[in-house]
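Number of protein chains: 2
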Amino acid sequence: MNLILLFDEDFTRMAPDRASGRVSLVGRRREHVCSIHRAAVGDELCVGLAGGTMGYGRVVLLNDDSLELDVELDTDPPAALPVQLVLAMPRPLVLKRVLISATAMGVKKIFLIQSNRVERSFWNSKALRDGERNKPLILGLEQAKDTIVPELELRTRFRPFVEDELPAIIKGTRALVAHPETDVPCPRDLQEPVTLVMGPEGGFVPFEIEKLEAIGCSVVHLGERILRVETALPALLARLF
Amino acid sequence: MNLILLFDEDFTRMAPDRASGRVSLVGRRREHVCSIHRAAVGDELCVGLAGGTMGYGRVVLLNDDSLELDVELDTDPPAALPVQLVLAMPRPLVLKRVLISATAMGVKKIFLIQSNRVERSFWNSKALRDGERNKPLILGLEQAKDTIVPELELRTRFRPFVEDELPAIIKGTRALVAHPETDVPCPRDLQEPVTLVMGPEGGFVPFEIEKLEAIGCSVVHLGERILRVETALPALLARLF
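Top line first, the protein sequences correspond to chains A and B. First residue of the first sequence: 0, per numbering that gives the first Met the number 0; consecutive thereafter. First residue of the second sequence: 0, per numbering that gives the first Met the number 0; consecutive thereafter.
Each hint should be verified, as a subset may be incorrect.
[Stated by the list, open to error] Only part of the chain A face toward chain B is listed, based on derived beta-carbon distances under 7 Å:
#, residue
1, Ala38
2, Pro77
3, Ser100
4, Thr230
[Claimed, not checked] Straight-line alpha carbon distances no greater than 27 Å define the calculated DSSO-like cross-link-like pairs of lysine-lysine that follow:
#, chain 1, residue 1, chain 2, residue 2
5, A, Lys95, B, Lys125
6, A, Lys108, A, Lys210
7, A, Lys170, A, Lys125
8, B, Lys108, B, Lys125
9, B, Lys134, A, Lys95
10, B, Lys125, B, Lys210
11, A, Lys108, A, Lys170
12, B, Lys170, B, Lys125
13, A, Lys95, A, Lys125
14, B, Lys107, B, Lys125
15, B, Lys95, A, Lys134
16, B, Lys134, B, Lys210
17, A, Lys125, B, Lys95
18, B, Lys108, B, Lys134
19, A, Lys95, B, Lys95
Keep in mind that the hints were calculated from the coordinates and are not lab data. These figures come from a predicted structure and were not determined experimentally. Think of the CB as a built atom: it goes at the ideal place given N, C-alpha and C, for glycine as much as any other residue.
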């Protein structure tokens, strides 16, 4: 937790310009500040208001129940990556790590989609329930020092998504499908918005690749090595931007 | 497991040119072929001989105890990345994932080193014991379809390593330290060998950065976002090469 992410409901007092105030934290964030930061009254910690600005919070009270900070918020969060991610639903254990790392790298729009090689049971993952779904996104923001929570959308049917929705989503972006079976290497250092489509373990099936190409996606590879999605995603994002 | 990694002791028969033979597999590899590949007699599976060539193995016997394959090995493994990795020892849970992904991306030499912000207890990790240490390396090779097992070296003292050993290690390579506190962005698409040095969670301390700079390492950043090592490593490797 390199930044403590704050929400409106944490504030016991907030200035009308939302640039300062006092927050009271309990639970995970208080515990982290105690046990990992080993903070004391008077210390300054990096904070940010979800959806807003970042700054510092000075510890004014810290005990077994509560942490109170006087916060000053005056810095914009880091720029987002100009990318939308369309990702075949990973296994539940992998999903969390992938969402943390996509968020940490600055992805702000993520579609999780069904695909032929995605087990239907993955959609029942606890991690997708209300109240759980945002947790890895928040961990990613706290890791990278950012405040803008990514939008996460779920699409449980491949074909209607690709045929009816994806054409409008990719409009104005360079749409790339990461897939090992092509001779076209992934481009580098792009200066334009990208829609990055990634398949499941085992890859998209040929029918899915055809559907994606039919709406204007270009297939690119990242070398002959087959990478896990949690390795391939940071590699692709770092290469693209 | 996109490739079944074979070792000399798996062979019940091997041609003198080491390009064909029969192997008998038990345990994890047999189980994986049964339950994940759902292979049957006659199927061909991708195989590779550790340290050698890759090819296909045709299933000639498969039962609850044993898997036998007739293998033909005629393809070189993919090129290695021209990089040596010097990595502050990660937490045990992270170590395994980082070794898998470094190996999958083609790193062939990894030094795990002590650093000020590395807890001494990390060196007692079970994952470092004989018999365990190679497991994530093998998983990485099986994932990426490669056969060359990386060399993994442990150095439990920072200063003697950096002062006495590292100067010879970085000779003939571009030595880069990934560290957020610099204005120099990480270079892209290099055509020369690199030694990549990565700090622990929380980063190297200033004294360590000074020591690394003193022997000729250049500090570079990957943007203002602070990434976990398991995210930063694939991102750095994909950007460098």
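Hint-by-hint comparison with the structure:
Annotation: interface hint on Ala38/A violated; nearest CB of chain B at approximately 15 Å, more than 7 Å. Satisfaction of the interface hint for Pro77/A is found here, the shortest Cβ-Cβ separation to chain B being roughly 5 Å, below the 7 Å cut-off. Here the hint on Ser100/A is kept, as its CB sits about 4 Å from the closest CB of chain B, short of 7 Å. Below 7 Å, beta-carbon pairs count as interface contacts, and Thr230/A has one with chain B at about 4 Å; its hint therefore holds.
The suggested pairing of Lys95/A with Lys125/B holds, with an alpha-carbon distance near 25 Å, which does not exceed 27 Å. At most 27 Å may separate the alpha-carbon atoms for a hinted pair to count; Lys108/A and Lys210/A meet this at roughly 22 Å. Note on Lys170/A and Lys125/A: the hinted pairing is violated, with a Cα-Cα distance of about 33 Å set against a maximum of 27 Å. Of the supplied pair hints, the one linking Lys108/B and Lys125/B holds, its CA atoms being roughly 21 Å apart against a limit of 27 Å.
Restraint check for Lys134/B and Lys95/A: the C-alpha separation of about 23 Å stays at or below 27 Å, so the hint holds. Distance hint between Lys125/B and Lys210/B is unfulfilled; the C-alpha atoms sit about 30 Å from each other, more than 27 Å. Straight-line distance between C-alpha atoms of Lys108/A and Lys170/A comes to about 15 Å, which keeps the hinted pair within the 27 Å bound. Restraint check for Lys170/B and Lys125/B: not satisfied, since their Cα atoms lie roughly 33 Å apart, outside the 27 Å limit.
A C-alpha spacing of about 11 Å is found between Lys95/A and Lys125/A, which places the hinted pair at or below 27 Å, so the restraint holds. Distance check on the hinted pair: Lys107/B and Lys125/B sit about 22 Å apart at the alpha-carbon level, within 27 Å; holds. A hinted pair counts as satisfied when its Cα atoms are at most 27 Å apart, and Lys95/B with Lys134/A qualifies at roughly 23 Å. The suggested pairing of Lys134/B with Lys210/B is violated, with an alpha-carbon distance near 33 Å, which exceeds 27 Å.
Of the pairs offered as hints, the one joining Lys125/A and Lys95/B holds, with about 25 Å between alpha carbons and a cut-off of 27 Å not exceeded. For the hint pairing Lys108/B with Lys134/B, the CA-to-CA distance comes to about 16 Å; that is within 27 Å, so the pair holds. About 17 Å separates the Cα atoms of Lys95/A and Lys95/B, which keeps this hinted pair within 27 Å; it holds.
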